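Q: Protein sequences, first through last, are from chains L and F. Going by our numbering, the first sequence opens with residue -19, and the numbers climb by one from there. Going by our numbering, the second sequence opens with residue -14, and the numbers climb by one from there.
Worth double-checking, as some hints may not be accurate.
Chain L side only, calculated, beta carbon under 8 Å to chain F, not exhaustive [said to hold, decoys possible]: (1) Tyr19; (2) Pro20; (3) Ile31; (4) Phe43; (5) Pro59; (6) Arg74; (7) Gly75; (8) Lys84; (9) Leu85; (10) Phe87; (11) Gln89.
Derived DSSO-like pairs: lysine-lysine, alpha-carbon spacing no greater than 30 Å straight-line [as the list claims (entries may be wrong)]: (12) L:Lys29 x F:Lys42; (13) F:Lys42 x F:Lys0; (14) L:Lys49 x L:Lys38; (15) F:Lys0 x L:Lys29; (16) L:Lys29 x F:Lys7; (17) F:Lys42 x L:Lys2.
Cβ-Cβ distance ranges computed for the label pairs, FRET-style [stated by the list, open to error]: (18) L:Ser8 x F:Ser44: 49 to 55 Å; (19) F:Leu68 x L:Asp34: 44 to 50 Å; (20) L:Asp34 x F:Thr5: 41 to 47 Å; (21) F:Lys(-2) x L:Ser64: 33 to 39 Å; (22) F:Ser44 x L:Ser64: 44 to 50 Å; (23) L:Gln(-10) x F:Ser(-8): 30 to 36 Å.
These are calculated hints, taken from the structure and not from any lab test. All values reported here derive from a predicted model rather than from experimental measurement. Think of the CB as a built atom: it goes at the ideal place given N, C-alpha and C, for glycine as much as any other residue.
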Amino acid sequence: AQSVAQPEDQVNVAEGNPLTVKCTYSVSGNPYLFWYVQYPNRGLQFLLKYITGDNLVKGSYGFEAEFNKSQTSFHLKKPSALVSDSALYFCAVRGTVIYNQGGKLIFGQGTELSVKP
Amino acid sequence: AAGVIQSPRHLIKEKRETATLKCYPIPRHDTVYWYQQGPGQDPQFLISFYEKMQSDKGSIPDRFSAQQFSDYHSELNMSSLELGDSALYFCASSSGGGLHREQYFGPGTRLTVT
């Protein structure tokens, strides 16, 4: 069964410092991995995805993620954190490998990112 | 750009009542997903539709049902509501059910059962 894990409930970073939010995955077959961000009382916003190809994926708001097959990881990164990046971040994996069979997302537990001035 | 629309945004119901949540996907999106997010939890998949047919089913209680209509909007019907049904309900849409497609989420409906 497909699953993802986010080992850190919370990450604290000073503004201007690089940030990393960790995610590891377990899949059968090719992984389809996604990162979403959730601001308080808001829906989830898509940041980026890995489907195939280059292991470094660039997304919205200056975020990027590095896919590492040997370590089964898909960590989210940003070179310089902003206070406005403070939010809840979810890593997700596609829950099925059958095309047009719904393609539900299976989410990790979420990581609360706090960026302090 | 147009986003996913959900209505109502907030809903308060009593136990054993029924509720209907509506979702209007992004134009030309043919796939709709429903998720339930409890307090402090990650979203859990409930059910999805592709081209008006149910395409996948998750941990959706038998008290809940859903459908996708000819204009691609979807409704989640919830009956015999329980306190534990209190949660944020998200609808997401995508263009096609392909595995590479990202899902775009609506703002959610916050359901409170008293």
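Q: Which hints from the list above does the structure break, by number from lowest to highest?
A: 1, 2, 4, 5, 15, 18 and 22
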